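Enquirer: What follows is each chain in one-letter form.
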Amino acid sequence: MAATRRSKRFDRTVITEKIVPVLLVVLVLVLLAVLIVIGLSLVGAIPSA
Amino acid sequence: MNYLPYLSTIVTFAFTVAVYNRYRQRGGTHLLLWAVGLLFYGIGTLSEVILGLTFNIFVVKIWYLTGAMLTAAWLGMGTVHLLFRKGNAAQILTWVLLIISILAFILVLVAPVNAASYDVTRPVSEQYKDILTRNGATIVLTILLNIYGTLTLVGGAIYSAFLFWRKRILANRMFGNILIAAGALSPAMGGTFLRAGLVDMLYLSELIGAIVMFIGFVMSTSRNAEPVFNY
Chain A
2 MAATRRSKRF
12 DRTVITEKIV
22 PVLLVVLVLV
32 LLAVLIVIGL
42 SLVGAIPSA
Chain B
8 MNYLPYLSTI
18 VTFAFTVAVY
28 NRYRQRGGTH
38 LLLWAVGLLF
48 YGIGTLSEVI
58 LGLTFNIFVV
68 KIWYLTGAML
78 TAAWLGMGTV
88 HLLFRKGNAA
98 QILTWVLLII
108 SILAFILVLV
118 APVNAASYDV
128 TRPVSEQYKD
138 ILTRNGATIV
148 LTILLNIYGT
158 LTLVGGAIYS
168 AFLFWRKRIL
178 ANRMFGNILI
188 AAGALSPAMG
198 GTFLRAGLVD
208 MLYLSELIGA
218 IVMFIGFVMS
228 TSRNAEPVFN
238 Y
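So the sequences go chain by chain: A and B. Taken in order, the first sequence gives residues 2 to 50; the numbers are from this note's numbering. Taken in order, the second sequence gives residues 8 to 238; the numbers are from this note's numbering.
Hints may contain errors.
[Unchecked claim] Simulated restraints, written as ranges between beta carbons of each label pair: (1) Arg10/A with Asp137/B: 53 to 59 Å; (2) Leu14/B with Arg13/A: 54 to 60 Å; (3) Ile113/B with Leu33/A: 30 to 36 Å.
By construction, these hints were calculated from the structure, which means they are not laboratory data. Every value quoted in this text rests on a predicted model; they were computed, and no experiment measured them. Don't be surprised by glycine CBs; every beta carbon is placed ideally from N, CA and C.
If we strip away everything but chain B, and leave its shape as in the complex, we get (with noise of 0.2 Å):
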């Protein structure tokens, strides 16, 4: 199941790529902020095929953050813009999930590790609890962030799905929107099978989800495509 984390990273640096540039043809915040979600879900997929390889405490580090703290919370943040578009509450919680990431990042950098117990042939998402001593602010702080972004996240797509299918408009947005709020719920879902113990599903779940998303994003923005909600 190992080589998983290598076409993840792929996947999910090419949606990024396509993101990005999305942004930059057309501007939006909302934009501009799954792409640095989309960023941290590839970095921590990039990080667990280099735990597939040899043992860095840095990258274990940055696979916690990335994969474990910032992904959801990051594109959740994105969906936030796109439906919240009057007043400040958008940009303001911006800045209080900026403060909460610096926290989050000084949190895991002081956090203990204990290398001696990794081995490198089982899956980092198998030992991290042995290998990464973290307190409880830091387990707090994980589950707050990944509550936050899935709710939003996921949220926010089947809220968008459901207003096209009211209205009977923009099927391909509609549909779009189900596949990335499916695709969002994969790795979430992951994380729940991480907790049962089914430690291999969390690669599995991590490609399903980013292609899932990948195909449902490119459907929304497919050119024939009136820009309702300006994706």
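The following block holds chain A by itself, in its conformation from the complex (with noise of 0.2 Å):
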């Protein structure tokens, strides 16, 4: 198993090494976004869906 993971392995490029840890956070900022409109909606300080 350990042999056929290591031939899954991706060489490092510019988009694996600086995009994709960039669209990481970013999605997790989207998502953070997402829940405290949602979560303001729970309070009533926004309407609600």
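The task is to assemble the complex, starting from two chains supplied on their own in separate frames and drawing on the hints.
Expert: This is the structure in structure tokens:
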């Protein structure tokens, strides 16, 4: 299994080393923003869906 | 913009069949629960199609129950089963979600409806608050189900993508999970737009979400992938 997994390793490129981490951080930030908006709906600060 | 639910329905039901076929081939509760969540997604967009043609009280209630309340939570439940394989936590949460879903069904079923104000030319997302009278419990349940579903579905996909990135393995699954997270965020953001008064954005966000998640799923399950997470 270990050998198979090693064969599935991908090469480090600009996309995997620079863009992917940025994408993951952006997704986390958007997720937090959406959850905050939904949470504000719960406490009545903004209209609920 | 009213043709968008037609496209969303086609894409979502095709996605549902693909996930269910995968479940039949490989098993896995997470796949079955994703198929259930996607079925709710498709029923929600199909309801938008029907409500764009004619008004029906039952369809309005089905639209709210599936589209607004249950879809995200059931999709997220699938991700919980994928990520938490040890212990009974996922099974217990599934039973809790099932009970809450039945409660949501009853609450929506008994909710009073004001059919007189419906305009078939306007999106149901623009009018449902005037049509469907929701009590406090229904609203709170809707919000809690969406928080749970968004957090588990999107958070789970981001976490999976991060694991593949950290181990530098299975690029297709890393990118697939990024697409699944982005696609799942799309209708969640559509709900946010809805609150901001941008009602047309909901239909567009549903279509984009279905397409992007479907591409992410296909990418993650491509044949050359090592089943590290056994999608």
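Enquirer: Each hint: holds or not?
Expert: Structure-based check of all given hints:
no.	hint	result
1	Arg10/A with Asp137/B: 53 to 59 Å	holds, 56 Å
2	Leu14/B with Arg13/A: 54 to 60 Å	violated, 38 Å
3	Ile113/B with Leu33/A: 30 to 36 Å	holds, 33 Å
Against the hints set out earlier in the document, a violation occurs for number 2 only.
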